[in-house]
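Student: Okay, here's what each chain looks like letter by letter:
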Amino acid sequence: MIQPYNLMELMVCVASRQLEDGKTAVIGTGMPLAAAMLAQKTRSPNLITMFEAGSIAPQLIKLPLSVADSYTMAGGLMHSSMNEIMEACQRGIVDYTFLGGAQIDMYGNLNSTLVGTDYYKPKVRLPGSGGANDLASLCWKTLIITPHDKRRFVSKLDFLTTPGYLTGPGAREAAGLPARTGPYKVISTLALMGYHPESKRMRVESLHPGVTVDDVRANTSFEMLFADNLATTPEPTDDELRILRQEVDPQGLIIGKRTG
Amino acid sequence: MPVGEMNTSVGTLFMSPDVESARQFFEQKSRAPTNKLLSVSEAVTRLIHDGDYLGSGGFGTVRIATSILHEIVRQRKQHLGIAGHTTTHDFEILAAGRCFDRCDAAYIVGLEVRGLSPQARRYMESGAVQVTEWSNATLGWRYKAAAMGLPFLPVRSLLGTDTFKYSAAKEILCPFTGEKLAAVPALFPDVGIIHVHRADVYGNAQIDGISVADWDLARASKRLIITTEHLVQTDEIRQNPELTQIPYWLVDAVCHVPCGSYPGNMPYEYYSDEAHLAEWLEAEKDDTSLAEFLQKYIYGTRDFAEYLSLKGGETHLAELRALEPLHRSKEQR
Chain A
1 MIQPYNLMEL MVCVASRQLE DGKTAVIGTG MPLAAAMLAQ KTRSPNLITM
51 FEAGSIAPQL IKLPLSVADS YTMAGGLMHS SMNEIMEACQ RGIVDYTFLG
101 GAQIDMYGNL NSTLVGTDYY KPKVRLPGSG GANDLASLCW KTLIITPHDK
151 RRFVSKLDFL TTPGYLTGPG AREAAGLPAR TGPYKVISTL ALMGYHPESK
201 RMRVESLHPG VTVDDVRANT SFEMLFADNL ATTPEPTDDE LRILRQEVDP
251 QGLIIGKRTG
Chain B
261 MPVGEMNTSV GTLFMSPDVE SARQFFEQKS RAPTNKLLSV SEAVTRLIHD
311 GDYLGSGGFG TVRIATSILH EIVRQRKQHL GIAGHTTTHD FEILAAGRCF
361 DRCDAAYIVG LEVRGLSPQA RRYMESGAVQ VTEWSNATLG WRYKAAAMGL
411 PFLPVRSLLG TDTFKYSAAK EILCPFTGEK LAAVPALFPD VGIIHVHRAD
461 VYGNAQIDGI SVADWDLARA SKRLIITTEH LVQTDEIRQN PELTQIPYWL
511 VDAVCHVPCG SYPGNMPYEY YSDEAHLAEW LEAEKDDTSL AEFLQKYIYG
561 TRDFAEYLSL KGGETHLAEL RALEPLHRSK EQR
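Keeping their order, the protein sequence lines are chains A and B.
Just so we're aligned, residue 1 is where the first sequence starts under this note's numbering, counting upward by one.
Just so we're aligned, residue 261 is where the second sequence starts under this note's numbering, counting upward by one.
In case anyone wonders, no lab produced these hints; they're calculated from the structure.
Nothing false has been slipped in among the hints.
Pairs of lysine-lysine, DSS-like flavour, derived with a Cα cap of 30 Å:
id : chain 1 : residue 1 : chain 2 : residue 2
1  : A       : Lys41     : A       : Lys62
2  : A       : Lys123    : A       : Lys156
3  : B       : Lys545    : A       : Lys121
4  : B       : Lys425    : A       : Lys156
5  : A       : Lys257    : B       : Lys571
6  : A       : Lys121    : A       : Lys156
7  : B       : Lys430    : A       : Lys156
8  : B       : Lys545    : A       : Lys150
9  : A       : Lys150    : B       : Lys425
Sample of chain A residues at the chain B side, in silico, Cβ under 10 Å:
id : residue
10 : Phe51
11 : Leu63
12 : His79
13 : Ser80
14 : Gln90
15 : Asn109
16 : Lys123
17 : Pro127
18 : Gly128
19 : Ser129
20 : Gly131
21 : Asn133
22 : Ser137
23 : Thr162
24 : Pro163
Not the full set, but computed from the structure, chain B residues with beta-carbon under 10 Å of chain A:
id : residue
25 : Gly344
26 : His345
27 : Thr348
28 : Ala365
29 : Tyr383
30 : Ile470
31 : Ala473
From a predicted model like this one, the values you see are computed outputs, not experimental measurements.
Note that the Cβ used here is the ideal one computed from N, Cα and C, for glycine as well.
Let the hints inform the model, and build the full structure from the sequences given.
Tutor: Structure (structure tokens):
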């Protein structure tokens, strides 16, 4: 019997299953990190985590608040620099980057720079690229985890901060970005998505339990594709939930505080 | 592989990447092993001038030179340029003081999982600041180009995005392979500020843990202010020279500032004061509460030590030390 779980717990569990054992990954804070920690404690014990500020392969004992703080370093194999991490990505030895929420379009392009139509007079100024542009340009596969609503899944970004497949097939290569890199998965509050191999457009692979195709359409501003053999996302297992609640995020910073 | 059309960027290049003038500057820079110990107030008065371009070391809330940032605000420095490289609390402090009007933006305004700074947002949305977009890697590589004494580095990010369009990077073709690359120009800040674990009075400085971009920032900066947790004898530096990241001739001032990264985290020493970082964000909700907050903690305090004592002094700092997860073994101490 499956225990009750909340959406954040489902998302982190689904995300953790996308990270294959023995691969290298540069991880953002928040949900991506919780997913990486859970992956390490379940099916991918040899997932090598790195942080853009320079930490390599820490023993993650608690969720860091910054991608540079002491918890990214504790028990690590190496304390290096941002250039060391970014140059590893550029060299082709980093498999995944896993980033948090932003505005996203059907090609997996991201906006984290501003809200508004005039760059010089933004309605809301946001942080900008941070390391996202570099990581999504240079790592082999980019994963995104984000809430699913029309404000986030947009037909046109206010600003293209970070490259997905840009304008479609071949566009990354024409722009000069490394070949065969690009968006891989999106884990949202409604579904797990990948990208159509030819059109490079976002495509739902599985709907979370209780979610319908219409729910996804109603919460997406662009035309979403759906796989022919549309699956239901497997629910979190008891093991995943126990490890997530007891070992990864006992304080409920990401998955929320437990009341019962 | 077919290369698409060449694109141009529209962002302003705030600092010249001219390596010949940089060489002339570094040729004149003193190599004398003099005692460079200064108070924070003196260091900022002597070495940071209105209109200077500033590079802030560490990573926003980790190993930052908070005392220098406060003093820049306290002395009401104006029209600074800043490298928004992984800047969070450092950016928040300088935005609160409205000290800059030019910004190379890679990561600004936000404090990672803690949310956005209301004052930094207002300041950036007011039109008072001229902005050029970059990314964390490309701004770090701009320091690296400067540290290498080269006018630019070719890199493979930025390409194809609005981040490139609003940067001052240029697209070039590789003379060997024909691939399209982004050329990012060397960045030589007028002043770099870096908080370290230990330094001697001459400026030999050691950092424990990750160095972020500070190796290159130290070398790229024309003038460099070091604040240090521990002031040590040169003999102690010589015992572990592999830990030295900054040799003394790069350094113009050494300030002894225990707990100098507060309220940020200092790896191996103390964890961040999340309650105070939250107090900052809360105080920024409107101009009146921000003005009172700045009066209490910065304008109304004489120096950083007085700020620390307002925040509970040694008792509170002991709590933050207890929260720090990294500890050195006995042999390392």
